[in-house]
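Colleague: Sequence:
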Amino acid sequence: MSKKKILFFSSNFNRTGAEIVLFDILHQIDSERFEIGLVLLEPNGSLLSQLAPHIQVYYLDVQFSFWDKLKFHVGQDIVLQRIREIQQQFGASIWYINTIQNAFLLQYKQHFNISTFLHVHEYLYNFEQLEIKDCKRMFDQVDYLVTCSDLVQQFFAPIFSKTSFVFHSSINKNFIDKCLATQSRKKISKKRIVSSGTICYRKGVDIFLQTSLLVNPTEFEFIWLGKWANNGYAEVIRRQLLTGNYPAVQFLENLSPEEYYQVISSADAFITCSREESMGLVAMEAIYCGVPVLATNSGGSSLMVNETNGILSQDFRPETLAKELTSLLSSEFDKIKMRESLSNFEIQSECQKLEYYLLNAPTL
1 MSKKKILFFS SNFNRTGAEI VLFDILHQID SERFEIGLVL LEPNGSLLSQ LAPHIQVYYL
61 DVQFSFWDKL KFHVGQDIVL QRIREIQQQF GASIWYINTI QNAFLLQYKQ HFNISTFLHV
121 HEYLYNFEQL EIKDCKRMFD QVDYLVTCSD LVQQFFAPIF SKTSFVFHSS INKNFIDKCL
181 ATQSRKKISK KRIVSSGTIC YRKGVDIFLQ TSLLVNPTEF EFIWLGKWAN NGYAEVIRRQ
241 LLTGNYPAVQ FLENLSPEEY YQVISSADAF ITCSREESMG LVAMEAIYCG VPVLATNSGG
301 SSLMVNETNG ILSQDFRPET LAKELTSLLS SEFDKIKMRE SLSNFEIQSE CQKLEYYLLN
361 APTL
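Here the sequence shown is numbered in our numbering, starting from 1 and rising by one per residue.
Please keep in mind that the hints were generated in silico from the structure rather than gathered at the bench.
One thing to keep in mind: the hints can contain errors.
DSSO-like, lysine-lysine: derived pairs with alpha carbons at most 27 Å apart [to be verified]:
| # | residue 1 | residue 2 |
| --- | --- | --- |
| 1 | Lys5 | Lys227 |
| 2 | Lys335 | Lys5 |
| 3 | Lys178 | Lys191 |
| 4 | Lys227 | Lys190 |
| 5 | Lys109 | Lys133 |
| 6 | Lys353 | Lys162 |
| 7 | Lys4 | Lys133 |
| 8 | Lys173 | Lys323 |
| 9 | Lys173 | Lys227 |
| 10 | Lys190 | Lys335 |
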């Protein structure tokens, strides 16, 4: 039986949640059944060097030179021409588009005999920034809607007329174990509170900063792991830090995977202040590392954070979070039971489910 050819589309290939999940999908699905291509809109992602050799990589340039703009004005679709070149080389029967940010690619479906999958890692906040024409394409041009959690599925299934199913976003537990295998525990005099994610409004970095002011900086250190977004909110946060008003806080970026998981596992508590989460992979990582979690009830956190592994806060006020953090630190948690609380989130079983839909997608 010939292999099904799938082109996976992603904006970039850096170590953010949606891309890490895609990385695991690419390596978990059966290469005996599928021929896999990856199309990136941005080059030089940090995960590229770790890709298996059987995965073919293409770069779709969506930037335009002066000559490209002239061609566009005389009626040539430059992006379509570039996609057509990739499609002719690879011969995909399925396009798998990662994140709603790339839903604009659906406008090119009509030019090819393909089935389309769209993997929605986002919840409602991100849809507010999606152009209405791309949102309509999601409903009109997608054949299979892949949702990252029960929360997202329950919202979109009633309004999506074709096939939708849940691919529970999960962490690669074996990879985390490898990253922690060489860790040497260092005694830290202060209580270490860690959070993680892109520095943006949705992640509640400002709440994190304000919470740090409500504890003694000589007894606590607050560490944020994540990249700086290229927007005004991140610039405001950066300037706030430069004032020196947050002595307990430090931001770390550009860590290796080993360094990242070792910092998380060294924490006394993990806090996620997100205003909205479709799933909450960073909380899952912390729980697996044996670190109790204080999470705002922002959606996805409620799917995994419970009395076995932390506290789910119903309040976004820093004053309340500081009190609940104190309560969390005074509680005891069984690390074995914490890991067991994640038993329903297994990337391998989710990929097996995905394979079923990929194999049964019609070849047009």
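Colleague: Does each hint hold? Answer for all of them.
Modeller: A quick look at each hint next to the structure:
1. Between lysine 5 and lysine 227 the alpha-carbon distance is near 33 Å, which puts this suggested pair outside the 27 Å criterion.
2. For the hint pairing lysine 335 with lysine 5, the CA-to-CA distance comes to about 42 Å; that exceeds 27 Å, so the pair is violated.
3. Taking the CA atoms of lysine 178 and lysine 191, the gap is near 26 Å; set against the 27 Å cutoff, the hint holds.
4. Taking the CA atoms of lysine 227 and lysine 190, the gap is near 25 Å; set against the 27 Å cutoff, the hint holds.
5. Among the hinted pairs, lysine 109 with lysine 133 is consistent with the structure: their alpha-carbon atoms are about 14 Å apart, no more than 27 Å.
6. For the hint linking lysine 353 to lysine 162, the alpha-carbon distance of about 17 Å falls within 27 Å, and the restraint holds.
7. At roughly 30 Å between alpha-carbon atoms, lysine 4 and lysine 133 are farther apart than 27 Å, so this suggested pair is violated.
8. For the hint linking lysine 173 to lysine 323, the alpha-carbon distance of about 31 Å lies beyond 27 Å, and the restraint is violated.
9. For the suggested pair lysine 173 and lysine 227, the alpha carbons sit about 23 Å apart, so the restraint of at most 27 Å is met.
10. Between the alpha carbons of lysine 190 and lysine 335 the distance comes to roughly 21 Å, so the proposed pair stays at or under 27 Å and holds.
Going down the numbered hints, you'll see the structure goes against 1, 2, 7, 8, while the others check out.
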